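Protein chains in written order, with the working numbering: chain A, 8 to 269; chain B, 280 to 581.
The hints are simulated quantities; they were obtained by calculation from the structure and are not laboratory data.
The structure displayed is predicted, hence computed values, not measured ones.
Incorrect hints may appear among the rest.
Ranges of calculated distance between the beta carbons of each label pair, as one might list FRET restraints [as the list claims (entries may be wrong)]:
| # | chain 1 | residue 1 | chain 2 | residue 2 | range |
| --- | --- | --- | --- | --- | --- |
| 1 | A | 254 | B | 308 | 45 to 53 angstroms |
| 2 | A | 24 | B | 391 | 26 to 34 angstroms |
| 3 | B | 368 | A | 189 | 25 to 33 angstroms |
| 4 | A | 192 | B | 345 | 43 to 51 angstroms |
| 5 | B | 403 | A | 53 | 26 to 34 angstroms |
| 6 | A | 269 | B | 506 | 45 to 53 angstroms |
| 7 | A | 8 | B | 403 | 28 to 36 angstroms |
| 8 | A | 23 | B | 345 | 20 to 28 angstroms |
| 9 | B | 318 | A | 261 | 43 to 51 angstroms |
| 10 | A | 38 | B | 336 | 30 to 38 angstroms |
| 11 | A | 261 | B | 387 | 34 to 42 angstroms |
| 12 | B | 308 | A | 242 | 44 to 52 angstroms |
| 13 | A | 185 | B | 452 | 49 to 57 angstroms |
Where is the CB? At the ideal position from N, CA and C, for every residue including glycine.
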Amino acid sequence: MTRLVRAEVRKLRTARVTYGMLALSVALTAIFATLEAARAGNGSSGVAPLSSAAGLTTVTTVTGFSMLLSAVLGVIVASGEFRHNTATFTYLASPDRARVLTAKALATAAAGAIFGLVSSLVATGVGLAFAAGQGDHIGLGAATLVGHGAGAAVGAALLGSVGVALGSLVRSQLAGVIGVFVWGVVVESVIGGLFTSVRPYLPYTAATTMGGATLGGAAFGPAHDLSGGAPLPFVAAALLVAGFCAALSLVAARTTLLADVT
Amino acid sequence: MAVIEFDGVTKRFGDLVAVDRLSFTVERGRVVGFLGPNGAGKTTTLRMLLGLVAPSAGRATINGRPYRELKNPLHVVGAVLEASGAYPGRTARNHLRIEALLGQVSPARVDRALELVGLTEAADRRVGKFSLGMRQRLGLATALLCDPEVLILDEPANGLDPEGVHWLRRMLQGLASEGRTVLVSSHILAEVAQTVDSVVILDHGRLLAHSSLAELTSAANGVIRARTPRAEELRDALVAEGARAQLIGPDQLEIAGATGEEVGTLAAERGIPLFETATEAADLEDIFLRLTAAGAREEVAP
């Protein structure tokens, strides 16, 4: 298994899409963290001032894009094997397809962890720069910031693995990528907005709360400004997303993964 | 000893029978041409051998085991199934390094494999920028990386220019001289005729012939073409005597299973004028076309 994971890591390292996704993740994080920081403390924005722990947290936990893009990378890693006909060489070298799926999930999780960590560093940098620029007191301790960074890394890692499972299941790269965005941006937002009690259990939302975001804070639609409800504890959220990944992987392993490679 | 064995292998895609109860073996150290027209079922057959396509029935094995059960499969079998099997955004060297990691061979072999197929200069170019011929070479480099004893090549000459075909022929001859077992598919017999020991001919998923080139040629030798204004009458007379004869034109017959003397004598006895008879030396390409055409005729017959 170690050999397979190393090979998948090397595939990621030698593919431009990995660096492209990382760059996009950094750029989107920087833009949205800057927007949140700029509107913090304005009465109508709903974002507390950066001088408060809550306001600074809103900015330093803008790591949701890294998680979405980690999932997209996972989809590309898995479905790309069929798009570029590289599945033939992959399965000739490693005929056990379930092991290949596991290796891809682990390698993408490692890349996702980097996405989450880098994104957290960028968001934290933006938040601290704005706070320092305004001469605000830094209301968050180092341990909290490190905890949020670690949470973002774990959340992005898990969603990366979810992306691999999804890509293996649908095989179509376009459908998989669109599926990730629609789920993260639309479906969870709508479900989270309509059924607030369900919101903590939605996989993307749960992953973002692992990174310290408030419940719904990383949502894009109606659920964004809804208050109420508590996020799942870190371990529960991690288990939930991991379980979602395992379920998707199991379905893929029993269906599309067994399909003929023609 | 059989290295490759197909035993009653069948593959159905819905109602379509792509491969139909196929059985044959390839002995160790032999170079076998796997021939058939496009759509004959060659690629499906090879993919079943390599565990990429699941047979609907039967069993395909290498060294007595299905591919998926082989330990270190890249050390046993090298395969080229399609020219575009490498990620286009990756360089040839990086593609081979990944394969070397999977095959647990020294990274130094990457350079040797690139040199073997003449891609040293292009090693650090992205595969997406490669011509079809260069991608075929990269596929061969991948197949040879772990020095396997068995090579499975599916239409390796597809898209190659004449120089590329010449290069491939020399490469196959080199592999054969090293004692490797090679199963190479093609829809053009001439591509492999100079290299292979024997041929397996497939059409509509069914085995039409499996024999050495010499056997195939000698079996087809003695085909006689005869020209007579009473072709149908002569055909019936020959068939009644146990020969095989068919009309190939209004006044022309193709006859097998009888000598020129026997045809001439029979025609004289029946008073059938013969304008011309000629015994043809069988050309491999003709044999191939004749066999596959016969297969097609059987297919359309009620």
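These are the hints, each one checked on the structure:
Between residue 254(A) and residue 308(B) the C-beta distance comes to about 50 angstroms, which sits within the given range of 45 to 53 angstroms. The beta-carbon spacing between residue 24(A) and residue 391(B), approximately 30 angstroms, falls within the hinted interval of 26 to 34 angstroms. Hint check: residue 368(B) to residue 189(A), Cβ distance near 26 angstroms, so the stated range 25 to 33 angstroms holds. About 45 angstroms separates the C-beta atoms of residue 192(A) and residue 345(B), a value consistent with the hinted range of 43 to 51 angstroms.
At roughly 53 angstroms, the beta-carbon separation of residue 403(B) and residue 53(A) lies outside the given 26 to 34 angstroms, and the hint is violated. Hint check: residue 269(A) to residue 506(B), Cβ distance near 48 angstroms, so the stated range 45 to 53 angstroms holds. Taking the beta carbon of each, residue 8(A) and residue 403(B) are about 30 angstroms apart, inside 28 to 36 angstroms as hinted. For residue 23(A) and residue 345(B), the hinted distance range of 20 to 28 angstroms is not satisfied, since their beta carbons lie about 37 angstroms from each other.
As the Cβ distance of residue 318(B) to residue 261(A) is approximately 32 angstroms, the hint placing it in 43 to 51 angstroms is violated. Between residue 38(A) and residue 336(B) the beta carbons are some 58 angstroms apart, a value that contradicts the proposed interval 30 to 38 angstroms. For the pair residue 261(A) and residue 387(B), the beta carbons lie near 41 angstroms from each other, so the given range of 34 to 42 angstroms is met. Restraint check, residue 308(B) to residue 242(A): a C-beta distance of roughly 60 angstroms breaks the suggested window 44 to 52 angstroms.
With their beta carbons about 50 angstroms apart, residue 185(A) and residue 452(B) fall inside the hinted range of 49 to 57 angstroms.
Violated hints, in rising order: 5, 8, 9, 10 and 12; the structure is consistent with all others.
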